[in-house]
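So you can see what is in the structure, the chains are spelled out below.
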Amino acid sequence: MRKLAIIGIGLIKWGELWEKSIRQIAAEAISKCLEDAGTDRIDAMTIGNMSGGLFNGQEHLSSLIPDHLGRKNIPAMRIESACASGGMAVRTACLEVASGFSDYAIAVGVEKMTDISGNEATYALATAADQDYEAFHGVTFPGLYAMMAKAHMDRYGTTRDQLSSVVIKNHYNGSLNPNAQFPFKITSDQVLKSPMVSDPLRLLDCSPITDGAAAVLITTLEEAKKLKKQPVFISGIGHASDSIALSSRKDILKLEAVELSTDKALKMAGKSIRDIDFAEVHDCFSIAEIMILEALGVVAPGEGGKASSDGLTGLNGNFPVNPSGGLKSKGHPVGATGVAQICEAVTQLRGEAGERQLKNIRTGLTQNMGGSAGSSVVHILEVI
Amino acid sequence: MQVPRYWREIPKRYRLEAAQCKKCLNISFPEKFSCPECGSRDFKTIKLSGKGKISTHTIIRIAPEGFNDQVPYGMGIIEMDEGPRIMAQITDCDPEKLKTGDRMIYQFRRIREDGSTGVIMYAYKFVPDVGI
Ligand SMILES: [Zn+2]
Numbered sequence: 001m002r003k004l005a006i007i008g009i010g011l012i013k014w015g016e017l018w019e020k021s022i023r024q025i026a027a028e029a030i031s032k033c034l035e036d037a038g039t040d041r042i043d044a045m046t047i048g049n050m051s052g053g054l055f056n057g058q059e060h061l062s063s064l065i066p067d068h069l070g071r072k073n074i075p076a077m078r079i080e081s082a083c084a085s086g087g088m089a090v091r092t093a094c095l096e097v098a099s100g101f102s103d104y105a106i107a108v109g110v111e112k113m114t115d116i117s118g119n120e121a122t123y124a125l126a127t128a129a130d131q132d133y134e135a136f137h138g139v140t141f142p143g144l145y146a147m148m149a150k151a152h153m154d155r156y157g158t159t160r161d162q163l164s165s166v167v168i169k170n171h172y173n174g175s176l177n178p179n180a181q182f183p184f185k186i187t188s189d190q191v192l193k194s195p196m197v198s199d200p201l202r203l204l205d206c207s208p209i210t211d212g213a214a215a216v217l218i219t220t221l222e223e224a225k226k227l228k229k230q231p232v233f234i235s236g237i238g239h240a241s242d243s244i245a246l247s248s249r250k251d252i253l254k255l256e257a258v259e260l261s262t263d264k265a266l267k268m269a270g271k272s273i274r275d276i277d278f279a280e281v282h283d284c285f286s287i288a289e290i291m292i293l294e295a296l297g298v299v300a301p302g303e304g305g306k307a308s309s310d311g312l313t314g315l316n317g318n319f320p321v322n323p324s325g326g327l328k329s330k331g332h333p334v335g336a337t338g339v340a341q342i343c344e345a346v347t348q349l350r351g352e353a354g355e356r357q358l359k360n361i362r363t364g365l366t367q368n369m370g371g372s373a374g375s376s377v378v379h380i381l382e383v384i
Numbered sequence: 001m002q003v004p005r006y007w008r009e010i011p012k013r014y015r016l017e018a019a020q021c022k023k024c025l026n027i028s029f030p031e032k033f034s035c036p037e038c039g040s041r042d043f044k045t046i047k048l049s050g051k052g053k054i055s056t057h058t059i060i061r062i063a064p065e066g067f068n069d070q071v072p073y074g075m076g077i078i079e080m081d082e083g084p085r086i087m088a089q090i091t092d093c094d095p096e097k098l099k100t101g102d103r104m105i106y107q108f109r110r111i112r113e114d115g116s117t118g119v120i121m122y123a124y125k126f127v128p129d130v131g132i
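Keeping their order, the protein sequence lines are chains U and Z.
Numbered by my numbering, the letters in the first sequence go through residues 1 to 384 in order.
Numbered by my numbering, the letters in the second sequence go through residues 1 to 132 in order.
Next comes chain U alone, as it looks inside the complex (with noise of 0.2 Å):
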């Protein structure tokens, strides 16, 4: 297997875009990346999407988006695991070099969420879940994280201010993030006063509805060399699934593929959790993200509340989470999730974050899933 490196970024301000069409926003992103990186060259394009089909009556990204961006004979595919398409979408592109089957492969992701209503848009995502065994029964995602919310409150006594905790620091980071959705700070009290969702969680508790797209452009450790930019190796890629139905898991608490996605990661760049500076995680609920920090292995199971009231995971703490501002303030275009984690990822690595830029990293983490956990990707990316 070819060693990789990420050579370019591309990420476009997300929001509501209502000026603007998927084909545009995915072209965008990719045009983005390719300046950061100082070449046009793509031997492959891979894209992530969850449901172009739902939000826009639209299939066929694969010809769609190289079409319109000018590029139309390149060979491309969409890549769809509901809101860990990104993430495998840049897997794919992985594959794509590490086999030596192309030396420069783009992977964008993109999702174009308000050309439908906020109920359209509920039941699209609701696809992500068991359609004849949740989704039937009128269960939603706040829903579902919302069972999982309870459970944990009730094994571990996990709080109200923990969950609050986790929308606090992801909105100061946000506020720090001039490509964020909602880039301002919450207080405690607005959190509180946002409306019930689904009890436990309120609307603040939950990631937004958002337009969006990024790119990363991906080639060999040796090609990237030659580049202008820093390049930063992608040393560790891992990848499981899990039951799609919650009601499924002896245990709702266990997120296990996020567990196996991580522990293959871990073992491909030979690294234990310990290793890791930071980390961009899918925190679509903030219930998500307290999760993820013990299926990560950074906490025992049930710490993942107090760690994140404590401190761990701030800007300035031993374990920094989400610097972007995570999916709830910066936006969760389902798609293009698990590609923007990488480009915060890498913006972090180089340098180049502004005023959220962490100290003293070498090396970080990006984990993205897909329903309730349903599948998982992570990636663990270095500076050389």
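Calculated from the structure, these hints are not laboratory results.
Check the hints yourself; a few may be wrong.
[Claimed, not checked] Quick list of simulated restraints, FRET-style, between CB atoms:
#: 1; chain 1: Z; residue 1: 42; chain 2: U; residue 2: 31; range: 50 to 58 Å
#: 2; chain 1: U; residue 1: 63; chain 2: Z; residue 2: 93; range: 50 to 58 Å
#: 3; chain 1: U; residue 1: 274; chain 2: Z; residue 2: 100; range: 32 to 40 Å
What you are looking at is a predicted structure, and each value in this text was computed from that prediction instead of being measured.
Note that beta-carbon positions come from the ideal geometry of N, C-alpha and C, so glycine has one too.
Use these hints to put chain Z with the ligand onto chain U, whose structure you have.
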């Protein structure tokens, strides 16, 4: 939703039919292609008693398309006395008062109507089991 998609799930939705592995006796609801515990494909169909307890629950206040007329409604994972866990609505009670561990019993209820095909969908919901 086309009728066959609804119709083929009826044995589970109307009668709580589950699959018991003949080799390790593990019960799956709904059935799986192979037993998740031992990999065997030799199952017998059994009917769950419909009795169990709340494993975790929530109240849905913002509903997906088709459920807007029902909010707020209780939703939970019910652990059946035979072992399997089932995601379902919890109804005929004040959802604010539900607690983990509360005893539940199965009821056959209308879930929703599909506007475009006119299919009226029925399945299980759970209600507090107050005894006979
Ligand atoms: Zn078995």
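Do the hints match the structure? See the list:
1. Z/42 to U/31: 50 to 58 Å: Distance hint for residue 42 of chain Z, residue 31 of chain U holds at roughly 57 Å.
2. U/63 to Z/93: 50 to 58 Å: Holds, at about 52 Å.
3. U/274 to Z/100: 32 to 40 Å: Once the Cβ atoms are compared, 35 Å apart, the range 32 to 40 Å for residue 100 of chain Z and residue 274 of chain U holds.
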